[in-house]
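Here the protein sequences line up with chains W and E, keeping their order. Those letters in the first sequence? Residues 1 to 561, per the working numbering, in order. Those letters in the second sequence? Residues 562 to 1122, per the working numbering, in order.
Keep in mind the hints are simulated off the structure, nothing from the lab. Please read all numbers here as calculations on a predicted model, not as lab measurements. Where is the CB? At the ideal position from N, CA and C, for every residue including glycine. There's no promise every hint is true.
Said to hold, decoys possible - EDC-like mimics (lysine to aspartate or glutamate), calculated; alpha carbons at most 16 Å apart, straight line: (1) E/K1051 - W/D210; (2) E/K767 - W/E479; (3) W/K206 - E/E1040; (4) E/K1044 - W/D202; (5) W/K346 - W/E230; (6) W/K483 - E/D763; (7) E/K823 - W/E177; (8) W/K262 - E/E737; (9) W/K201 - E/E758; (10) E/K762 - W/D198; (11) W/K389 - W/E329; (12) W/K490 - E/E831; (13) W/K188 - E/D771; (14) W/K490 - E/D771.
Unchecked claim - Per the computed footprint, the stretches of chain E lying under chain W, defined by three or more beta-carbons under 8 Å from a beta-carbon of chain W, are: (15) 734 to 745; (16) 798 to 809; (17) 812 to 824; (18) 839 to 849.
There are 2 protein chains.
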Amino acid sequence: MAEAVQSIFPDAKFGIGPAIKNGFYYDFDLPRSLTPEDLPVIEAKMREIIARDEPFNWREVAKEEARQIFAKQPYKLELVDDIPGDKVRLYQQGSFLDLCRGPHVASTGEVTVFKLTSIAGAYWRGNEHLPMLQRIYGVAFDTREALDEHLKRLEEAARNDHRRLGKELDLFSIYEEAGPGLVHWHPKGAIIRRVIEDFWKDEHIKRGYDLLYTPHIAKLDLWKTSGHWEFYRDYLYSPMEVEGQEYIIKPMNCLGHVLIYKTRRHSYQELPVRYAELGTVYRYERSGVLFGLSRVRGFTQDDAHIFCSFEQLKDEVVGVLELAGFMMETFGFTNYKLFLSTRPEKYAGNLEDWEKATETLSQAMEQLGLAYQVDPGEGAFYGPKIDIKFEDALGRGWQGPTVQVDFNLPQRFQVNYIGQDGKEHLVVMVHRTVLGSMERFLASLLEHYGGALPVWLSPVQVMIIPVADRHLDYAYQMEAELKQAGVRAKVDARPERMNLKIRQAQLEKIPYMLVVGDREMAEATVSVRLRSGEQTTYPDLNGFKERVRLAITAKEKELKL
Amino acid sequence: MAEAVQSIFPDAKFGIGPAIKNGFYYDFDLPRSLTPEDLPVIEAKMREIIARDEPFNWREVAKEEARQIFAKQPYKLELVDDIPGDKVRLYQQGSFLDLCRGPHVASTGEVTVFKLTSIAGAYWRGNEHLPMLQRIYGVAFDTREALDEHLKRLEEAARNDHRRLGKELDLFSIYEEAGPGLVHWHPKGAIIRRVIEDFWKDEHIKRGYDLLYTPHIAKLDLWKTSGHWEFYRDYLYSPMEVEGQEYIIKPMNCLGHVLIYKTRRHSYQELPVRYAELGTVYRYERSGVLFGLSRVRGFTQDDAHIFCSFEQLKDEVVGVLELAGFMMETFGFTNYKLFLSTRPEKYAGNLEDWEKATETLSQAMEQLGLAYQVDPGEGAFYGPKIDIKFEDALGRGWQGPTVQVDFNLPQRFQVNYIGQDGKEHLVVMVHRTVLGSMERFLASLLEHYGGALPVWLSPVQVMIIPVADRHLDYAYQMEAELKQAGVRAKVDARPERMNLKIRQAQLEKIPYMLVVGDREMAEATVSVRLRSGEQTTYPDLNGFKERVRLAITAKEKELKL
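Model the full assembly from the supplied sequences, consistent with the hints where possible.
And the structure:
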């Protein structure tokens, strides 16, 4: 692609051009902005180069030589300087020479099926203070079928984009006037969130957690004591001043939980203490990286902190992993992987604790028969952690549950318990979420189900569609009866044609539509239409009610008649 | 009292000394700080003066003469200057002369029963930049019985102080380290709050409200557009800066609701739109006025905003008043009064709208047969309002529900609907809360019930107390069965004596205690003890379970066997 671009723009300056998942990109500094119409032209050039079947040859040269070769390529010169050692590797095909570590395919003829997919702006070295280059993305596959499959998936992904679904299904908004990255939940989105939150709370209480509510602001000093000011300053909002004291809006919920724990002394008999909160936190992210619900500036974590002894740590981690698995399963995410992140170079606490804790995390996963990969050095500075990443229906990865051991906060805040020996011991703290955040989790649900959520999560579960005005009273009667049974039912009473109402309910991904006409009224039967188009008739409302009730209470993932 | 103080401190400087509800106070500038031991000495002097039965005489004098009389009383001189007109009134008994509008009782002998109750610091003119004076509070009654009754009530009030109960019942904390006025809800407090919130949400959904979630920060510009920056600036937190834009933590929820409403156009057929949110807001209050849960810096309003046409306003206000009455009733507050606050001097909107809206509020109350008082000029600048104040069991007043009409925001944000005429019309906005805030409402509940909350609100509803270790398994079995039935039951498994466990459960105001011993196990009967001390035996657990279930579902206010 770079050779093709050069042949069209002889003065092009070249940035970097790596291979990525499913494809590749290259960053160029060009005399004019590219438009989508440029892509077929570049593709045509590429096909010519491929047809020439030119071999890729490489050689190693001294940096001095490379600097002469790339004398008119300032970005390449920077790259040459950055490469360690005295030599760099060059690849050449035909007359085109590039700086590249390799490896490459043997010749241009080996590239069979490819497509340039998009153009984007990209700062040189990802730094917004450096020049903006133009990036061209492309994909390459072995077969035409694989490319078609990929393009189909991309199309489906665009259709399932949660930002698009959020608008179509009227679930949430982010307003420029209020601020980027700040999510406003519309009524229907709020119903989904409430259902998830209630389920989450009940499940936590069952599993021995206590719920808390803590404020959204606190004195900055608290965050200095904790180390957050030092380690996460870039993500914190600027302080507010109140009567000569600085406050910040909280970036995490842990400190409020530590204060509550420390309100009184705890004996070893009372441990573990498990505090859970749906706590809304605010973290600064550059506006360039904000993305729908999945990268935001304010989000509600399904947070919890466990205060326990080292001896209890394994059982607690097992409990969290079980809960996490149960949650993933319940919401329909069956494809997930575990990652164990170990001690980074800069860390708090002592080596022995780190080793014990890392070992404990491994044991917990092994006890549950869960396979995992190790991410060496990827732990937080305060302790090792387990991250669970799950895939949605289209194979895209999502950050899911996390379990983090913390040696730092107990030390800094002297979070103790009285042991059997009558003496004070530091607790081990565990930070964990099982959904991540309400915002990102809704995004993953929407994309996984393409907006057609399971019945228990659907904002409107049953849309009752009267054929004519004379069926309206009867429709309202059905609505009342369904609501009484805890079903979110609604009557579409608008003076519109039945087919239009059905189409709209389908667009809104409402699981069940009940069409009420003369026959249904006379026979007291229920004509049901699923959003998928399937239809059936229930002999009476009770039968249908039971079906919906079961779909809700059993949290059925598939919509059934 | 002032004469008595002067006889003890001849150099005392006198501030003001008005009559207040149930008693009186006087502010003094004294050469030394008073201690509680001074009060009996002053009381003794007062009794001497009362025994002399000296008549109170008054006369009017020219201000010039008054200035000479009070030459050594700087505070009185200030007061003389402030009184309009040329003359002031003086009262004299014996040799003591004071500036006073009157009226007074005829002579000191008419004062029969009194008691000095406390000493407090008070800024001259309530201004923290002026000198701090010493205030002595006292009460006076016609009879000894009335005084005793009052003192008993005070004692009871101190016992029922929500700050004290909050600590004793382990419900919440405010930590100096996190910041004054910021409430942290402990597990038991959070249970109460969740029960209230769930009830509140369900009730709102039943009544046609939609729930929302909106963020806690927004761009300052939004609050400039709304007028809050101009009118409420003193209560707003200082701005935070994000990428060159100023943000503030929200002092109210309305703007987020306005943005959501404005996401799309609304036809008259869709009105009224009712948006409800348990929204946590932050307002600056001077640390001097903060008080427990009832005056705080962060609180969760049970907020809602109704967008309707003027024609719908009356029905909407009726609906809110009905909901407010239902809430007050459900929580056991039967003694409440309504106040209609009318147009202040400085107001937004036009006169005609104000009159129509004020009239509409009156009509709504009249339609429901509710008596009300008028607070002239006490409306918000943006519209007239109804405030409901209720009394707790000890006769203390609490600020309750409020319904406020708003002409300002619809105008400033162009909040419209499409009328039957196809044109845009401004909506009328109603701001309302029916509990006020979660924090203040919990305070009122605690003080009203002296911490002994109705069963449905009690964090622990049933404490199961095994007599010996051999009853423990059976106790856990009962706990599981009760939990299964939705009852918050707990086993006190500590190796302590039964009587101690009962006493502690009583101190924790747990409604029901089940004592499980040999007989209860053998006969499968249930020995129940109420926190009030009453006892009975149920023939089986089912019978007891039904009793508790009914207490919960019927939200019974009285605890019954």
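Results for each hint:
no. : hint             : in the structure
1   : E/K1051 - W/D210 : holds (14 Å)
2   : E/K767 - W/E479  : holds (13 Å)
3   : W/K206 - E/E1040 : holds (13 Å)
4   : E/K1044 - W/D202 : holds (12 Å)
5   : W/K346 - W/E230  : holds (13 Å)
6   : W/K483 - E/D763  : holds (12 Å)
7   : E/K823 - W/E177  : holds (12 Å)
8   : W/K262 - E/E737  : holds (13 Å)
9   : W/K201 - E/E758  : holds (13 Å)
10  : E/K762 - W/D198  : holds (12 Å)
11  : W/K389 - W/E329  : holds (13 Å)
12  : W/K490 - E/E831  : holds (14 Å)
13  : W/K188 - E/D771  : holds (8 Å)
14  : W/K490 - E/D771  : holds (14 Å)
15  : 734 to 745       : holds (count 8)
16  : 798 to 809       : holds (count 9)
17  : 812 to 824       : holds (count 5)
18  : 839 to 849       : holds (count 5)
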